[in-house]
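Heads up: the protein sequence lines correspond to chains A and B, in order. When we follow the numbering used here, the leftmost residue of the first sequence carries the number 1, and every step to the right adds one. When we follow the numbering used here, the leftmost residue of the second sequence carries the number 1, and every step to the right adds one.
Simulated from the structure, these hints should not be mistaken for lab results. Be aware that one or more of the hints could be misleading.
Stated by the list, open to error - List time: in silico DSS-like cross-link candidates among lysine-lysine, alpha-carbon distance up to 27 angstroms:
no.	chain 1	residue 1	chain 2	residue 2
1	B	179	B	29
2	B	33	A	100
3	A	100	B	38
4	B	5	A	100
5	B	179	A	100
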Amino acid sequence: MAEWKQKARIMDSDGIRRVITRIAHEIIERNKGTGDLVLIGIRRRGVPLARRLADRIREIEGSLVSVGVLDITLYRDDLTTMGHQPVVRQTEVTFSIDGKRVVLVDDVLFTGRTIRAALDAIIDLGRPRYIQLAALVDRGHRELPIRADYVGKNVPTSHREEVAVRLIETDEIDEVVIMEKT
Amino acid sequence: MFKHKDLLGIRDMSADEIGFLLDTAGPMKEIIKRPIKKVPTLRGRTVVTLFYENSTRTRGSFELAAKYLSADSINMSGSSSSVAKGESLYDTGRTLQSLGADVIVLRHPMPGAPRLLARSVQAAVINAGDGAHEHPSQALLDMFTVREKKGGLAGLQVVIVGDILHSRVARSNIWGFTKMGAKVRVCGPPTLIPAGLEQTGVRVVHQMDQALDGADVIIMLRIQKERQEQGLFPGLREYSRLYGLNRRRLELAAGDALVLHPGPMNRGVEIAADMADGSQTAIEEQVTNGVAVRMALLYLLIGGGAQ
Chain A
1 MAEWKQKARI
11 MDSDGIRRVI
21 TRIAHEIIER
31 NKGTGDLVLI
41 GIRRRGVPLA
51 RRLADRIREI
61 EGSLVSVGVL
71 DITLYRDDLT
81 TMGHQPVVRQ
91 TEVTFSIDGK
101 RVVLVDDVLF
111 TGRTIRAALD
121 AIIDLGRPRY
131 IQLAALVDRG
141 HRELPIRADY
151 VGKNVPTSHR
161 EEVAVRLIET
171 DEIDEVVIME
181 KT
Chain B
1 MFKHKDLLGI
11 RDMSADEIGF
21 LLDTAGPMKE
31 IIKRPIKKVP
41 TLRGRTVVTL
51 FYENSTRTRG
61 SFELAAKYLS
71 ADSINMSGSS
81 SSVAKGESLY
91 DTGRTLQSLG
101 ADVIVLRHPM
111 PGAPRLLARS
121 VQAAVINAGD
131 GAHEHPSQAL
141 LDMFTVREKK
151 GGLAGLQVVI
161 VGDILHSRVA
171 RSNIWGFTKM
181 GAKVRVCGPP
191 TLIPAGLEQT
201 GVRVVHQMDQ
211 ALDGADVIIM
221 LRIQKERQEQ
231 GLFPGLREYS
241 RLYGLNRRRL
251 ELAAGDALVL
261 HPGPMNRGVE
271 IAADMADGSQ
281 TAIEEQVTNG
291 VAVRMALLYL
301 LIGGGAQ
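This is chain A alone, in the form it adopts within the complex (with noise of 0.2 angstroms):
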């Protein structure tokens, strides 16, 4: 078994915080406002980073803006080539979505492939107008044309590398690492 040792610390929770409120910023002026935007997150902690620009875009425009939660894994790619199989969560899209500006919102973009799934998933739900992507960290090495709408980070990494986001909502700390196998 590999070990995974830390190589360096490129986000603590000051770092997050600056980083949701340039993009909240970013989100409603490319979108002139929030007029029919909604954010979704993707499972498991794009989730809390969905919610933290809710609250962002709130004390920024005063107005609210519906969160809902994704769980990609019945679409991923991969299912054939699992020892067993991956626990399916829930998804939770309780308003429509047709016509609505959706922000796909997820921790690390790296291959592109769970983003693929999730245009899928989303697409299952409805009809939107526009489907735009947030990311708090794109580590490259992508395998689809994709690419992020808002970006928080860019961090060149090589394939030995994992980032981890550590977010307080599901890891009791806020903080972005570059992991590396010994």
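Starting from the structure of chain A, add chain B where the hints point.
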């Protein structure tokens, strides 16, 4: 975690596995409520329903579950296939496997038939009812329905009323609810209660009023008219008077008691006609939940690659 090749009975499952399956059925139910009820998960997989007895809801529910997950499903029934020409279960199973079946859903009048088939094929085998032995997916959907309505299963008082002797639903439910920490009582005419049932930890009560006292969940079983011809009970009217569920009797149970029935119902016999659609019954919801639970089963049995 769920590591079985087949689902043959609730008896083979641990409480953790049952809990995990019910957890997986929750997200599946969300899919059924969408305008477009389809996810791509089991694309290219084949589910065969092989039924040697009549069934509408179980078979339909397995076929819909397969389709909602994008698997292909075909149906073979006893009367219209090579089975009628005398082909053995073993040979039929091997043939279905050669046709590419990943899952065979089997209903058969002989207890143990699914186990025999499971040993003969690499495909996953799901027992959809074998004689008076087990009907695990029915028990899973009953437990799912109760858990959804009550928030949990541990500590609940569950009463199963009717022909316990011939009921595979009763057997699977006794195993399931007991494993999940509920207390199970059964009630019915002494001729329709198997001897020695108390040894499974179940309480046997012959007076309906007494059985219902404080019950949180009441599972009414279908009474089959053939049993009367066999002399196991004198008549439907008497049966209804002694063991039928009506408004007065429901008041003996806990205030928010939940009434289940696996269907098809004999309205006016085991359940009063006006009660079948009442606010405390979840009989229609059981049917929807049946699809969700069977989607979870199919996903857990063949959703992953390594088999």
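Structure-inconsistent hints, enumerated in ascending order: Violated: hints 4 and 5.
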